[in-house]
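J.: Each chain, letter by letter, is given below.
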Amino acid sequence: MDLSLVLNTFTLLTLTTLSTPIIFPLLSDSLKNTPSTITNTVKASFLISLIPMTIHIHSGSESLITLWEWKFIMTFKIPISLKLDFYSLTFLPIALFVSWSILQFATWYMASDPHATKFFTYLLLFLIAMLTLIVANNLFVLFIGWEGVGVMSFLLISWWHGRAEANTAALQAILYNRVGDVGLILCLAWLAYTTNTWEIQQLNSPHQTPTLPLLGLILAATGKSAQFGLHPWLPAAMEGPTPVSALLHSSTMVVAGIFLLIRTHPLLSSNQTAMTTCLCLGALSTLFAATCALTQNDIKKIIAFSTSSQLGLMMVTIGLNLPQLAFLHISTHAFFKAMLFLCSGSIIHNLNGEQDIRKMGGLQKMLPTTTSCLTIGNLALMGTPFLAGFYSKDQIIECLNTSYLNSWALILTLLATSFTAVYTIRMTVLVQTGFTRIPPLTPMNENNPAITSPITRLALGSIMAGLLITSYITPTKTPPMTMPLSIKITALVITILGIIIALELSKLTQTLILTKQTPLYNFSTSLGYFNLLTHRLTTKTLLTGGQNIASHLVDLSWYKLLGPEGLANLQLTTTKTITTLHSGLIKAYLSSFALSLLIILMSAH
Amino acid sequence: FTASLLLGTTLTISSNHWIMAWAGLEINTLAILPMISKSHHPRAIEAATKYFLTQATASALLLFSSMINAWQTGQWDITQLTNPTSCLILTSAIAMKLGLVPFHFWFPEVLQGTPLTTGLLLSTLMKFPPITLLYMTSPSLNPTVLTSMAILSTALGGWMGLNQTQIRKILAFSSISHLGWMTIIISYNPKLTLLNFYLYALMTTATFLTLHSTKASKLSTLMTTWTKTPTLNAALLLTLLSLAGLPPLTGFLPKWLIIQELTKQDMA
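Going line by line, the protein sequences match chains A and B.
Last residue of the first sequence: 972 (this note's numbering), numbering continuous.
Last residue of the second sequence: 275 (this note's numbering), numbering continuous.
Take these hints with a grain of salt, some might be off.
Label pairs and their computed distance ranges (CB to CB) [what the hints assert, rightly or not]:
#, chain 1, residue 1, chain 2, residue 2, range
1, A, 906, B, 251, 30 to 38 Å
2, B, 233, A, 936, 29 to 37 Å
3, B, 172, A, 906, 49 to 57 Å
4, B, 82, A, 936, 54 to 62 Å
Which bits of chain B does chain A cover? Going by a derived footprint, with three or more residues having C-beta under 8 Å, they are [as the list claims (entries may be wrong)]:
#, region
5, 91-100
6, 106-118
7, 166-177
8, 213-224
Derived from the structure by calculation, the hints contain no laboratory data.
Even for Gly, the Cβ is constructed at its ideal location relative to N, Cα and C.
Same shape as in the complex, but just chain B (with noise of 0.2 Å):
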């Protein structure tokens, strides 16, 4: 399964046309559907379900949207998407696969149904070809929108992080959270793009490993964790702060370019 993950994702970062995107997109879903519904549990059963139904429309809607610019140019381009309707609604399907405002319902659920790794694999993994997507397709994209939704990520995510006790969801949001930040400077400076999802990645990872290490799901499980592994329980610390974004550490720095480059265009 791992492999076939890997090369759907391959498939689709290095494809030209649509249709050999859409394939790639497709074989992930495939690919990771067993991996959530491993355990049999109702509440991962669950999971599966609302993960493939979201993935299939979009899917579904990034198919139309590639069919409509076809229809109007007369070419499969990923780079030349330039009809404006196509734009919006393969805006809207790149949304609902990473689970962007208002797209996000399904994410927190799906992320608390699967095992911890497969948490990981689902927020780091699979959210690449879709960046990747919008990375190629960034010039032609509708500003508005994507600010809209991006801004309602940030804020969305960081509200509905406060109010929960499983770690996972809690994860999620802010898995959301940096989804909005990426967004937001896509249409000026996509670079800095690519540079908050491979920060995001790195310390999602570290996160997910080290919970993964200390079975721990729930807060109440994090309470007790210093006692077993207490090195483990500050390293913790260190990466949930640079997740937050805390000056010295890591985190920071993407948020701090972003907003550089936002004051430059004058929006921020």
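This is chain A alone, in the form it adopts within the complex (with noise of 0.2 Å):
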């Protein structure tokens, strides 16, 4: 048996399947969609998805399946091609059990929703847009999925659209995603002139990459996964419903960014400034969002922030020049980030849409499982040894700690990491324990299958996932193995450090203390001032600037003063001098006559 042909077949099958809700109710009447066909139909994918990921760890084969070539130009081809290596076939199946999960867990969510059947079919779209970009090899057919689930992104955020947030916030996605998708189509024309192909397998490049295409790359990924700069997109994405929350903004779009640096990972690695600015940017957006999720008072926007700073922390790792360990974060950061968006779902839901968690507490006794399932998230996030979170973290800070780069960048990162620990705990100790503070008359039942099944079973996964997939694959660059003992246990030290500060810090909450507003509170607050300074400051600029431009610059100026109106003045200024000179005396005529002769002789001589 053939196992390429098995590989290939299984792949393709794997998309079809995943496209046929889309088909089946164009073709007949009587195919409608209902949300527990399209969770099924993700179900049965991720099964499929399941034999590719097997024969490709049993045989390490790769393949590269080329569909169609548009031939654009006659020297320029597009061919439109899948790349089934590692990195795509191992996310493939995470991806879909991610996703079959947040379905399930959609199907209760979202049963008040009259609207329901639309809502799971822009989430197919979406995952067909995502893993589209995946499984590209071309970066064309890459930047169609990037544009894709922008654009359901964008949809979905905006789902429940007669809240003006909402809308704000679908905006805010689109346009900080678009300033990126300008570095992207950058790179691309660079591509497209230097080497002459958009294909990611013949993106070697002998010698240094100039560093203009890898600064635009890193502009697309900085828009795509929120590093600081254009980051305030994230939070306010918090607007839409949860399972969009934990779909896009958790584990697949947001990775997209990072999916992208890691596939263009050849191009990178040789220019030490683009891996640096790699290094310092993700370092400072881990630690600012970190710092901003430890006053927020929102759970969705505490694991909002969460995830900006893990996708800062998987920056780090692309600068550290390790894709492959960025992609193991990916996939453990994955499983465990969906589940706390999704226990996260089900409290708000059982609290009756209550978000502020000033307001909830002693959640553990009344939501067991949820909340079991929230703490595993939560220590699998801070890197609790052999959960998912250590086997990826833990070896980024290892890695960190014994290279020679910028400790500028480690010590930012570790700071983060404590952080991380903070607001965790924080949120774990305000939602789950001590004395209830939620309205008395709430009835919470979390007995429905759809609600417990998805979240144990990523639970599950965040527990084995970790363990299972570092000890399938060989890594291609050998983690550093010998360190002292300080720097190898450094991340479980800070994060203790954190747990206790944490800890501490939470029997504010007991104590009914009236928090000051000092200063650095109020940094942490409006997060960082960010939002606040650039929102009003760089449109209103760029949109006086546009008019001053149109109508200053063009009206006024050019057609006024310097144009037809100009020319039409300085004639009438001519003119009117001239004609108080014609003042008809004849003496005064004779006499210029004799004057002008004189000077055409005198002229002449």
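The two chains are supplied separately, each in an independent frame; assemble them into the complex guided by the hints.
T.: The structure is reproduced here in structure tokens:
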């Protein structure tokens, strides 16, 4: 049995299965979708996608499927091809697993929504776009997937479009992503110009690539993965329903930027400037997001900032020239972040729409399954030894500590790791433990299997995934094995330190003292003043600049002063001056004649 | 009076001796003076006076220049005008007769004071002898003086014409402007001067006669002619545009050729 044939067939079958709920309703009126059909389709796809992954792990076979070649210009061909290598084959089942769980959860969460089927169709479209991005071999196909996830993100964030903040958030998402897209297009253009190909397997550059296209790539990742500078859209995107936050903004879409950097890693690795940019940008993002998460009171925003922080960590890993480790972190992060979002969704719905953690408490007794899985997720996020997060996060911090690079980035990342522990413990303490602060008559019921099975499945994944993945892949770069004891346990020590501080600080909630508004507190609460500063300033400057150019420059100056009216004015002045000279006095005329004659005679001699 | 005009013009054109030319010019001046002052209106009398004074000065200068030439070279042949001073004086004399800048101040007022048909004669027929003289002496004239006068004429004629409401003054300035065009090319290709003059005479005649038939002397009068004579109004439009020199019309031809010639001479 030809292994590669099986590989190719089953991958294509996965992708085709996913697109059936889109195509079948178009073919006949009786084949309508329901939320459960879509969920089952994704489940089937997941099971089918396990086969290619197993084949890859077993034999290490990779393949390249070329479907069609778009002969745009004769010398520049764009083959629509799929690259099935380690990254895509491993991420495919993970993404489908997470999506299946989320969709199953969403059948309960969106049960009261009149347009539930449309919601599921949107989610499915998003998934198809995301998978296109993952398996793309050609940067053009990747760009199609890129744009697709951006558009679906817009539609899904503004799902409850009657709410003004939802619309603003969706606009923010699209705009910030667009700014990042400019960078991607820049890189595409440069590639088409110099290397005449957009294929990923041809991306190896023998000598050092110029910094500009690489900066474009980093800009694209900044926009899509919410690094510092183009980050406000991610917390704002929490306006969407929780399944949307779980799927898009935790496990799949926001990793698209990092995934792009992983794919184009051969180009990046030779340019030291680009690597340093990644490193410092990632470190800054992770610390900034962690700082902002410290004083948030909305449970979804805390999780959003933690996503942002982890994305910064992934960017740091790329900056350390370790793409495989970044991919490992993407995979493990998908599990526990999606689970965290689903748990928060269950909490929110059970508390009848309450999202403020100051109004939750003591939920451990009331929602046992949810809260236990929440605890597992938080522990995994903090990098507790031998849970999923440990395998990737701890390794990243080890590599960071033993590298010869930027120590400023190192300090920032370590600080961010401890902050992660702080806000996670804060959230856990305020939500689950202590005396309850919820209104008395809230009917809570989590006995629906649509809630419990996805969450427990993902919990299982969070525990096992790290172990499974690291056992079955061979790392391309040798991880550092020998280091002093203090360095080895740095991550652990810092996390425990954070926990202790958090537990100390959380005692404040039980003493009923009003928090004083110190400048640091203000900085953290208002998201580092970034939103306030940039959202008004940049748009106002650009728009007034545009207005100045259009009306002042073009209309007033060029048309009036210099152009037609200016000329007319010039003639008018001259005419009036000369008319006064023609006085009508013959003596003046004759004397002027005489004078002119004299001048002519003088000048000729 | 018309007969005397014709006599004077013919005399000047066909002359070979400076005295004959001068005599013809004097006959022209004297003959047209009564025509200008026919209506006994104070403005007409003023115009006649101005005209007489200017033309008399010009003729005197002409005679003076020919005498200097005769003294220096010993001959009175028109085409053999070689003395530089006399060339200069001749140029200014003819400029005065024609109405080139800076000797143009009399022209608008004179034209304003005359009836339309006489004005026509003034601008076309009276210009003919001086242009002929220029044509005959063109090889020896100073190009710098001519060019500067011509450029000034063209510019000034245009500018001054903008601020006028009386049609005759506008036509005067248009004539000054056209004379500028004629003068600029005379040192390089005199035939183009003549071509320009003929076409200009044609167009101006058409304009003047049209205006005479509608008795329009101010712009405000011109505005109501379309109700009385619509076709004539349209024809006037085309003629005026031709005077301006718009491409598909005849007026463009001399301008185009002049510019071409100047470009060849490395001047435009």
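J.: Would you mind marking each hint as holding or not holding in the structure?
T.: Verification of the hints:
1. For residue 906 of chain A paired with residue 251 of chain B, a C-beta distance near 52 Å fails the hint of 30 to 38 Å.
2. Range check, residue 233 of chain B to residue 936 of chain A: about 31 Å between beta-carbon atoms, so the 29 to 37 Å window is met.
3. Taking the beta carbon of each, residue 172 of chain B and residue 906 of chain A are about 55 Å apart, inside 49 to 57 Å as hinted.
4. The hint said 54 to 62 Å for the Cβ distance between residue 82 of chain B and residue 936 of chain A, and at roughly 55 Å that hint holds.
5. Interface restraint, the region 91-100 of chain B with chain A: holds (6 residues with C-beta to C-beta distance below 8 Å; minimum three).
6. Coverage of the region 106-118 of chain B by chain A holds. Counting CB-CB distances below 8 Å, 6 residues qualify, and the rule asks for three or more.
7. Coverage of a stretch by a chain is defined here by at least three residues with a beta carbon nearer than 8 Å to that chain's beta carbons; for the region 166-177 of chain B and chain A the count is 4, and the condition holds.
8. Counting residues of the region 213-224 of chain B whose CB lies closer than 8 Å to any CB of chain A gives 0, which falls below the minimum of 3, so the coverage claim is violated.
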